[in-house]
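*Asks:* The primary structure of each chain is shown beneath.
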Amino acid sequence: MGDHGGFDWETALERAYHVAFAVLRNAALAEEVAQQACFKALVKLDTFQGRCGFPSWVRGIAFHLALDAKAALDPASLDPDELAGSGDPERDAHSERIASALQRCLAELTERQLLIFLARHLDGMKGAEIAAEINTKEGTVWATLNQAAANLRGCLDRHGIDRGVLH
Amino acid sequence: MSTQDDRILIHRLAAGELDALEGERARALIERDPELALLLEQLNDLQSRVQAAFPEPPQLGERPAFVEAMRRLSAEGAEPYGSVDLEGPLRAPGARRVATSSAPRSSLMSRLRSLASVDLTSYGGDEPSPGAHLFHLREIRREEGLPVELEFYAGDVLALHSEVLLVSAFSGWYQPTPGSLFGSIAERYGISFASGPPPGATRYPEGLLHFSGIACPAFDSLWIVEMREAGRPFSVEELRTTLRSVGSRLPHMLAEATSITLPLLGTGNQGLNPRDVARELLSALPEWARNQRLRTIRVFTLELEHVAALNRALDDRDFSVRDSALLMACDQLRRQLERRSWSEPVRMALKDLLEIASAPDPSLQSIALEGRRIAETVLRVLSREGDVQRRLLERGPDALRSESAYLAMPHLQLLLAHGRSAAQGVAVGSNDAVMILYAAMRAAELTGTPNRPA
Numbered sequence: 001m002g003d004h005g006g007f008d009w010e011t012a013l014e015r016a017y018h019v020a021f022a023v024l025r026n027a028a029l030a031e032e033v034a035q036q037a038c039f040k041a042l043v044k045l046d047t048f049q050g051r052c053g054f055p056s057w058v059r060g061i062a063f064h065l066a067l068d069a070k071a072a073l074d075p076a077s078l079d080p081d082e083l084a085g086s087g088d089p090e091r092d093a094h095s096e097r098i099a100s101a102l103q104r105c106l107a108e109l110t111e112r113q114l115l116i117f118l119a120r121h122l123d124g125m126k127g128a129e130i131a132a133e134i135n136t137k138e139g140t141v142w143a144t145l146n147q148a149a150a151n152l153r154g155c156l157d158r159h160g161i162d163r164g165v166l167h
Numbered sequence: 001m002s003t004q005d006d007r008i009l010i011h012r013l014a015a016g017e018l019d020a021l022e023g024e025r026a027r028a029l030i031e032r033d034p035e036l037a038l039l040l041e042q043l044n045d046l047q048s049r050v051q052a053a054f055p056e057p058p059q060l061g062e063r064p065a066f067v068e069a070m071r072r073l074s075a076e077g078a079e080p081y082g083s084v085d086l087e088g089p090l091r092a093p094g095a096r097r098v099a100t101s102s103a104p105r106s107s108l109m110s111r112l113r114s115l116a117s118v119d120l121t122s123y124g125g126d127e128p129s130p131g132a133h134l135f136h137l138r139e140i141r142r143e144e145g146l147p148v149e150l151e152f153y154a155g156d157v158l159a160l161h162s163e164v165l166l167v168s169a170f171s172g173w174y175q176p177t178p179g180s181l182f183g184s185i186a187e188r189y190g191i192s193f194a195s196g197p198p199p200g201a202t203r204y205p206e207g208l209l210h211f212s213g214i215a216c217p218a219f220d221s222l223w224i225v226e227m228r229e230a231g232r233p234f235s236v237e238e239l240r241t242t243l244r245s246v247g248s249r250l251p252h253m254l255a256e257a258t259s260i261t262l263p264l265l266g267t268g269n270q271g272l273n274p275r276d277v278a279r280e281l282l283s284a285l286p287e288w289a290r291n292q293r294l295r296t297i298r299v300f301t302l303e304l305e306h307v308a309a310l311n312r313a314l315d316d317r318d319f320s321v322r323d324s325a326l327l328m329a330c331d332q333l334r335r336q337l338e339r340r341s342w343s344e345p346v347r348m349a350l351k352d353l354l355e356i357a358s359a360p361d362p363s364l365q366s367i368a369l370e371g372r373r374i375a376e377t378v379l380r381v382l383s384r385e386g387d388v389q390r391r392l393l394e395r396g397p398d399a400l401r402s403e404s405a406y407l408a409m410p411h412l413q414l415l416l417a418h419g420r421s422a423a424q425g426v427a428v429g430s431n432d433a434v435m436i437l438y439a440a441m442r443a444a445e446l447t448g449t450p451n452r453p454a
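Protein chains in written order, with my numbering: chain A, 1 to 167; chain B, 1 to 454.
Excised from the complex, chain A in its bound form:
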């Protein structure tokens, strides 16, 4: 199901929606961004060279689109009831600050690092599975994850999220 014509749009849409929601915390906006990511992927299909799974590629597009949308968004325009939260404003603000910093730092990773990092940490894929999906060696996957983690730590430092937050 979903793998139509070599492009699994259904999974792509789901993954795009997931990251878009994480960034925007608004289901309706996330759905729209996910669809925009699919449209963008559609018109750029000739640049998709199969170096990663198609849904992962679309998710990467959606992630950056969502960050752009968030940057352009006027928070006052959102209905507070539509925003996801725990009900504890202080705690939500703290979590939001860390989540935003993490997302911004993820956006600074290379496309390949981001793809591998999300496959590992968000999808819970094993190293061998990621290696198979992007057609590389497992050792390369782990080396990339190691580099991505180092980059993330450096970036979080710059954003004022000290290492203490991460441990």
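Treat the hints as calculated values from the structure; they're not laboratory data. Check before you lean on any hint, since a few could be wrong.
What the hints assert, rightly or not - Below, a sample of chain A positions facing chain B; criterion: calculated Cβ distance under 10 Å: (1) Leu13; (2) Ala93; (3) Ser95; (4) Ile98; (5) Ala99; (6) Ala101; (7) Gln113; (8) Phe117; (9) Gly124; (10) Gly139; (11) Trp142; (12) Leu145; (13) Ala149; (14) Ala150; (15) Cys155.
Even glycine gets a Cβ: it sits at the ideal position worked out from N, Cα and C.
Based on the hints, put chain B in the right spot on chain A.
*Replies:* Same frame as chain A, but now just chain B:
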């Protein structure tokens, strides 16, 4: 000081991917090296932070229509274009001039009405997902009244709703064999004619049957042309007679319809040469077009070689002739730009296309690339307008725009496919360039701001 290998081992430990021996080694390393212990702690924390930063969203709303739209627009086999011979296509003796043009609005309305019964979600599930996409648009002009649109599709004839579906069969043989049209109708809709024509079927002279009263989502009315008994050869001359017979029966066939859909008759089990059939069909269509009720003829081809055969037959008939056809298309586009109101990005993209196409020696590849840009622009406008999926699923007056968007898909797909081919260095034929102009106009018309005379 830890090495990269040590650190990778810790990554794999955090991911729970070490065997017992490796785990023991990793733990020993951690005891010796505080930096590695810190790394493990950070990785575990990072994992939980990522989970927190990317929470599971509420369930995504219904999405079959959107996914189906994407599937149609990206379908493999989106480039089934037979090469168009630009040198020396000759007008067949007696061939009537057939021009190309964008569809008039009234025709669009009738098609919207016919589309209203299509279940856009019917391609879901685990069933194979059939599809069809437009690969040529033509028009047969009439001395009186609006022209007849000729639409040539590659793909499954059941993928789009038909008012009148005309198919061929051996005489008295309507078995739902796998791969046949009757087989597909039986498999998808549970309608079988294995035991013979349904009650109330009407037989006309020259082997034409009307299977009336069949409730099938794929068509309103089913007509069969019988081509002798199974195993006996069917000649091109007989096909010609049959097509003439269909032409004379059009008043009956179109009693409640304005369009007719047919595959390349006789090219399946009947074994007729697809190019012969294409030629005969294209010769018969102008005669059919004399019927004033007829507004749209859709011809479907399933096999790629049949698409090529149709392309060659179109060239032979000179249904559109190189530069003159391109000039006509440019004129049409120019008039549309003057008379219609589109959203600004779409209008600008169309203006650019016109500029490229009307240059003294136009680059056909640039036309194809610009066509893709128009598709991209139209898609962007669509996506900006919000929830495409919901609009595709809606019904009623407010769904008019969504139905238009749905109708635009073959045109968008065509533009994207040609643009991709051109980007990859595939030569673009002049027929294709003409088609790109009309597809761009149609896509803009169907998805832009509501058309209104300026």
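*Asks:* Now tell me if each hint is right for this structure.
*Replies:* Structure-based check of each hint:
A distance limit of 10 Å between C-beta atoms decides the matter here; for A/Leu13 the minimum to chain B is near 6 Å, and the interface restraint holds. A distance limit of 10 Å between C-beta atoms decides the matter here; for A/Ala93 the minimum to chain B is near 14 Å, and the interface restraint is violated. Of the supplied interface hints, the one on A/Ser95 holds, with its beta-carbon coming within about 6 Å of a beta-carbon of chain B, less than 10 Å. With 10 Å as the threshold, the beta carbon of A/Ile98 comes within range of chain B, its nearest partner Cβ sitting at about 7 Å, so the hint holds.
With a cut of 10 Å, the hint placing A/Ala99 at the interface with chain B holds, because the nearest CB-to-CB distance is about 4 Å. Taken as an interface hint, A/Ala101 checks out: its beta carbon lies about 9 Å from the nearest beta carbon of chain B, inside 10 Å. Taken as an interface hint, A/Gln113 does not check out: its beta carbon lies about 13 Å from the nearest beta carbon of chain B, beyond 10 Å. Checking A/Phe117 against chain B by beta carbon gives a least distance of about 8 Å; that is within 10 Å, so the hint holds.
Interface hint status for A/Gly124: upheld, as the beta-carbon distance to the closest one in chain B is roughly 9 Å, under 10 Å. Proximity of A/Gly139 to chain B holds as hinted, the smallest CB-CB distance being about 7 Å (cut-off 10 Å). A cut of 10 Å between beta carbons decides the hint on A/Trp142: the least distance to chain B is about 4 Å, and the hint holds. Taking 10 Å as the C-beta contact cut-off toward chain B, the hint placing A/Leu145 at the interface holds, the least distance being around 5 Å.
Taking 10 Å as the C-beta contact cut-off toward chain B, the hint placing A/Ala149 at the interface holds, the least distance being around 7 Å. A least Cβ separation of about 9 Å between A/Ala150 and chain B falls short of the 10 Å threshold, and the interface hint therefore holds. With a cut of 10 Å, the hint placing A/Cys155 at the interface with chain B is violated, because the nearest CB-to-CB distance is about 12 Å.
Comparing the model with each earlier hint shows violations of hints 2, 7 and 15; every other hint is respected.
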